[in-house]
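> One-letter residues, chain by chain:
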Amino acid sequence: MTKGSPLDEILRLLGEVHELELEKVDLTLEELRLVLRPLMTVVPPPVKEAVPAKPLSLLEAEFSPFVQEYPGSIAEVTLGATSADGGTRRKVVKIGGETAPPWHFLEGKFPNPPAIAGDVFDMPVPLPGPVRAVLGDAIEDPIKWAKLAVEKFGADLVDIELVSSDPYSKNTPIEESCKLVENILQAVDVPLIVGGSGNPEKDAKLLPKIAEVCEGERVLLSSANLDMWEPVAKAAKQYGHVVLAWTSIDMAQAKELNRRLYEYLPKEQIVIDPTSAPLGYGIEYAFSIMERIRLAALMGDAELQCPMGSATANAWGAREAWLHNPEMGPREYRGPMWETAMALAMLMAGNDLYITLHPAAIRTMKDVIKWLMGEKGEPTFMSWIGVK
Amino acid sequence: MAAKKKIGPLDIYALLPKTNCGKCEPGVCMAFAARLAERTISLEECPPLWEKGQEANLKKLQEMLKPPVREVKIGDIKVGGQLVVRRHEYRYFNPAPLALTLEDTLPEVDLLKRIKKVEEYGYSYIGKTLRLDMLAPRYVSGDPSKFEATVRKASLTKFPLVLWCTDPGVMEKAVSLVKDRRPLLYAATKENWKEMGELALKYQCPLALYSPFDLKTLKSMAKTMMNWGLQDLLLDPGAGFGEMLKETVNCFTVLRNTAIRGEDPEVGFPLIASVARVWEDGGRKPEELAWEETALATILMVRYADLIILKSEEIWTWLPLIILRENIYTDPRKPVSVEPGMRAIGEVNENSPVMVTSNFALTYFTVASDIENSKVPSYLIVVDTGGLSVESSIAGRKMTAQTIADAIKASNVKEKVKHRKVILPGMAARYKGELEELLGFEWEVMIGPRDSSGIPKFLAEHWK
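Residue numbers (my numbering), protein chains in the order written: chain B, 1 to 388; chain R, 389 to 852.
These are computed hints drawn from the structure, not numbers from a lab. This one's a predicted model, so the numbers in the text were calculated from it and none came from an experiment.
Straight line, CA to CA, 30 Å or less: simulated DSSO-like cross-link-like pairs of lysine-lysine:
1. Lys501/R with Lys388/B
2. Lys797/R with Lys809/R
3. Lys237/B with Lys94/B
4. Lys109/B with Lys634/R
5. Lys454/R with Lys54/B
6. Lys370/B with Lys673/R
7. Lys461/R with Lys516/R
8. Lys845/R with Lys388/B
9. Lys505/R with Lys388/B
10. Lys147/B with Lys205/B
11. Lys634/R with Lys370/B
12. Lys54/B with Lys590/R
13. Lys209/B with Lys91/B
14. Lys604/R with Lys370/B
15. Lys170/B with Lys845/R
16. Lys561/R with Lys501/R
17. Lys634/R with Lys673/R
18. Lys109/B with Lys604/R
19. Lys578/R with Lys54/B
When you get a sec, could you build the whole thing from the sequences and use the hints?
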């Protein structure tokens with residue numbers, strides 16, 4: 001410290017006081033070395049924690065909520081078509097259109113209620129006890145199952161999964177799969193999701209054929225992925241359908257797939273499925289990827305501005321949903337709640353379309369969505385919990 | 389309005405004693421600073437920092453590291469302390485404790501059964517035991533002696549306590565019984581806040597502020613309490629299902645966003661989701677109310693609740709909540725996948741079974757723990773599925789006969805075992821024929837259970 005420096009001056013002044021209180025002062029120094037004069041003692045101020053007097057009335061505070069504007073918005077996707085648009089559905093299902101993060105009511109609009117599809121398989125598949133209990137012999141008959149999902153469970157759509165078309169399964173011929181889809185279109189009047197088996201070679205042939213026989217019905221083709229997207233995208237473009245864009249918990253992949261699909265289709269014909277890992281089995285990855293996709297879209301990333309879909313029925317993949325173990329509580333309650341809880345978490349992450357198995361999950365989701373949309377109404381789930 | 393700037397280790401290091409005294413677990417100041425920056429250690433663990441002469445640095449560090457949502461201790465459990473609104477922005481801290489109500493109208497035998505149920509409950513999940521965390525004696529009888537008796541019973545356990553009572557006179561008697569337990573006083577309202585504030589000051593206990601669906605009053609109460617010298621506050625903005633759900637979600641959403649992104653310290657406190665209030669809707673069936681309570685708790689678990697108060701004692705309602713909590717509070721930086729390759733689970737020998745699974749971290753740990761449960765040491769060949777589960781990786785063609793065959797060949801398991809049998813996950817059954825062909829018909833491919841919880845039974849029956 002050189003004589004006459006400002007600090008020296010301060011210290012000189014300090015010699016005459018016992019206390020110094022600095023207010024609103026920022027010291028930015030590389031290294032501060034205080035050389036204190038031998039006779040000067042710095043006495044810390046006595047700790048006098050004066051107990052503030054008991055207040056007589058509440059101090060009024062204004063609460064001004066933090067509100068952000070978002071430059072982007074989510075495309076509105078229409079599933080199904082009525083006779084006015086060349087289809088035969090009683091009504092269409094619209095999803096998407098949000099202008100703010102999920103249920104940030106003060107920051108934007110949520111014009112369309114998220115929609116719930118009932119999951120239907122084209123052949124008997126291993127299903128957990130609580131699901132078998134509500135399906136009964138409909139497990140054997142996809143037409144009956146589809147009607148049950150719509151008429152009794154209250155599903156907004158039906159997802160017919162053509163798993164038997166897999167060459168490693170029954171290798172059901174394409175014409176037969178198409179016939180089944182046509183029959184389901186006859187049997188129910190809600191929009192359809194049509195899923196292939198996941199075998200890329202077979203799906204590449206099957207899904208375009210489905211698109212052709214469903215022309216005019218605006219079905220959701222499930223799915224296009226990075227191994228097989230072009231045939232589905234082309235068929236959706238030619239016959240006016242929507243594509244489910246499936247990637248595996250990876251935002252870069254979701255963007256890449258949409259870039260490719262955008263060469264054929266507008267945002268209004270794509271639903272993003274970033275993979276829904278079950279509760280207890282990776283839901284945190286699914287939850288966060290959905291939150292990130294939705295935020296990026298709202299911040300303006302055009303490659304992600306599509307509604308999202310979730311195979312919430314995956315919840316049944318977690319053993320906690322189906323194990324028959326009294327120590328975990330009765331599974332006729334636990335199982336449906338497992339699927340419901342997973343769907344509710346996805347709902348808070350921004351998901352728009354749910355593929356669900358159990359009617360208690362379908363009904364609870366529809367109740368919750370109704371209330372979040374500001375509508376009145378009593379709950380409707382009650383008759384479907386605890387069914388053995 | 390941006391989120392609080394992230395603090396780097398160098399900012400912290402500058403204020404530490406820099407003596408590398410070795411009194412903390414990391415041992416040296418720079419490592420301690422790094423741990424502070426990633427919030428995996430607390431200032432209390434640096435003893436020299438609390439010695440005379442360090443006050444200024446300590447204060448600066450406390451200010452620097454202060455989370456926008458205050459961390460409050462109830463008993464020995466910390467709640468709140470959140471730095472971010474969404475978990476992917478960094479991570480969530482202090483998994484929201486679940487407190488179970490103890491209504492003081494319960495007959496003693498039922499009360500004791502309820503307490504015992506919480507004490508004994510634990511669920512094993514990927515190497516951890518998940519439990520409920522707190523007890524919440526609740527004054528509903530109108531008879532102060534019953535509340536006192538309930539609090540006494542609860543205090544015999546080790547659980548931190550939430551004292552649910554809005555009558556200050558009754559509360560004072562209860563808190564004086566358990567004042568050394570640092571219970572949460574639940575709650576101050578628009579009507580009783582003066583008396584409750586005095587109790588919180590007198591007994592140095594955390595205090596909950598309850599103002600259902602009225603955030604202006606809630607914030608006014610917080611401001612008043614802060615001015616009065618109270619710091620350890622929690623906010624309960626109300627919780628309702630049905631037609632109150634929208635407002636419930638709105639209140640939690642704006643409170644947390646305003647605290648963190650709006651940097652409003654007067655709402656920067658942990659949030660209480662008192663979903664037990666669902667039960668106030670009388671005349672309904674218990675299982676319906678339990679269902680609604682669980683649904684509401686699920687929603688608020690992922691929508692910023694830092695403490696959840698439950699009434700249902702059905703285990704089917706607890707299980708989804710403790711697991712969802714475990715999942716959501718996981719550090720998102722934790723990798724999704726494990727290294728592919730072969731692992732030995734237990735003391736393997738040349739007769740040990742050989743199993744195949746995916747390299748999704750959760751799959752791997754679940755399968756490994758199920759193999760341990762079977763008490764049959766085994767080789768586990770981890771296929772590179774890009775971090776997908778078995779089911780997803782089959783659907784996505786990451787696990788195919790070819791990738792499994794490649795993994796088996798690369799593992800060199802042929803040198804390790806005498807037999808030639810490999811067990812596939814049940815979900816990969818379709819690959820049996822193709823895989824046997826790819827392995828030159830040298831190996832018999834067995835089909836294991838569809839879920840690895842069936843491994844012990846499978847090995848008992850098929851591996852002799």
